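Q: Could you build all of it, start to finish, from the sequences and the hints given here?
So the chains spell out like this:
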Amino acid sequence: QKEVEQNSGPLSVPEGAIASLNCTYSDRGSQSFFWYRQYSGKSPELIMFIYSNGDKEDGRFTAQLNKASQYVSLLIRDSQPSDSATYLCAVNPTSNTGKLIFGQGTTLQVKP
Amino acid sequence: DAGVIQSPRHEVTEMGQEVTLRCKPISGHNSLFWYRQTMMRGLELLIYFNNNVPIDDSGMPEDRFSAKMPNASFSTLKIQPSEPRDSAVYFCASIGGRGKYFGPGTRLTVL
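These protein sequence lines are chains A and B, in that order.
Residue 91 in our numbering is what sits at position 110 of the first sequence, and the numbering runs on without skipping anything.
Residue 23 in our numbering is what sits at position 36 of the second sequence, and the numbering runs on without skipping anything.
Hint data in this document are derived by calculation from the structure and do not stem from the laboratory.
Small disclaimer: the values here were computed from a predicted structure and weren't measured.
Here a beta-carbon is modelled for each residue, glycine too, at the ideal position from N, C-alpha and C.
Be aware that one or more of the hints could be misleading.
[Said to hold, decoys possible] List time: in silico DSS-like cross-link candidates among lysine-lysine, alpha-carbon distance up to 30 Å: (1) B:Lys55 - A:Lys37; (2) B:Lys11 - B:Lys65; (3) A:Lys37 - A:Lys23; (4) A:Lys48 - A:Lys80; (5) B:Lys11 - A:Lys23; (6) A:Lys80 - A:Lys23; (7) B:Lys65 - A:Lys23; (8) A:Lys92 - A:Lys23; (9) A:Lys80 - A:Lys92; (10) A:Lys37 - A:Lys80; (11) A:Lys92 - A:Lys37; (12) B:Lys11 - A:Lys80; (13) B:Lys55 - B:Lys65; (14) B:Lys65 - A:Lys80; (15) B:Lys11 - B:Lys55; (16) B:Lys55 - A:Lys80.
[Stated by the list, open to error] Computed footprint of chain A on chain B; a stretch qualifies when at least three of its residues, placed anywhere within it, have a C-beta under 8 Å from a C-beta of chain A: (17) 55 to 69; (18) 86 to 98.
A: Written out as structure tokens, the structure is:
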């Protein structure tokens, strides 16, 4: 089992819709969770992080964490074509050393 | 701040040659990470440093890979000898403030 799993997609949503990206992780002791956005040919860019169970909102983005179920999700409201990218889920395992474990990423396509 | 700086941005070399990738982390960040990204394997951590000291190199694929961080503002990743399967994008990242910040990457092609 991979340590961090994401559906590779592509996930296709119409402009203005809510995009929901999901991620599961295997290390139950993981403490912090990150979402990165990566445009084609570019480097990953941090967009959200979450440490506690529940929701965390930042503009059009909401990160949701459920440690009991070992999943973390990212919701993008009012999706725009510019949101089309690969979204990487990253988990900081128990040792909390900054050693992020990345999922394979989910490709999001927002169609005008 | 200029962000994490990497050089070169692109490198094409022949199998067997030595390749050196360079990274300058964001000033004040005391942890530096080297990642490799391929379509097949995604983003893999190779090695990371804390206060210039290598902490975990378990991701380094084999002895052909080596990394150094002689000071807080400079790190190198060396591959000697290079092989075609080393072709990938190599990212350097540093930690500070709210999270981990990646450099633009070096796209390495080994022919």
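Q: Are the Cα atoms of Lys11 (chain B) and Lys80 (chain A) separated by 30 Å or less?
A: The given pair, whose Cα atoms are some 19 Å apart, holds under the 30 Å limit.
Q: Is the straight-line distance between the alpha-carbon of Lys48 (chain A) and that of Lys80 (chain A) 30 Å or less?
A: 19 Å, holds
Q: Could you grab the alpha-carbon distance between Lys55 (chain B) and Lys37 (chain A) and see if it respects the 30 Å cut-off?
A: Violated. Lys55 (chain B) to Lys37 (chain A) sits at ~38 Å, over the 30 Å cutoff.
Q: Holds or violated: Lys11 (chain B) with Lys65 (chain B), Cα cutoff 30 Å?
A: 15 Å, holds
Q: Hinted pair, alpha-carbon criterion (30 Å max): Lys80 (chain A), Lys23 (chain A). Please report holds or violated.
A: 21 Å, holds
Q: Does the structure keep Lys92 (chain A) and Lys37 (chain A) at a Cα separation of 30 Å or less?
A: 26 Å, holds
Q: Taking 30 Å as the top limit, are the C-alpha atoms of Lys55 (chain B) and Lys80 (chain A) close enough?
A: 18 Å, holds
Q: How does the coverage statement for the stretch 86 to 98 of chain B fare against chain A, requiring three or more residues with Cβ below 8 Å from a Cβ of that chain?
A: holds (count 7)
Q: If you draw a straight line from the CA of Lys55 (chain B) to the CA of Lys65 (chain B), is it 30 Å or shorter?
A: 9 Å, holds
Q: Does the alpha-carbon distance linking Lys37 (chain A) and Lys80 (chain A) stay inside the 30 Å limit?
A: Holds. Lys37 (chain A) to Lys80 (chain A) sits at ~22 Å (cutoff 30 Å).
Q: Take the C-alpha atoms of Lys11 (chain B) and Lys55 (chain B), compute the straight-line distance between them, and say whether it is at most 30 Å.
A: Holds, because 12 Å separates the two Cα atoms, which is no more than 30 Å.
Q: Under a C-beta cut-off of less than 8 Å, do 3 or more residues of the stretch 55 to 69 of chain B approach chain A closely enough to confirm the stated coverage?
A: The restraint on the stretch 55 to 69 of chain B is violated, since only 0 of its residues have a Cβ under 8 Å from chain A and three are required.
Hints 1, 9, 17, counting from the list given before, are not met by this structure.
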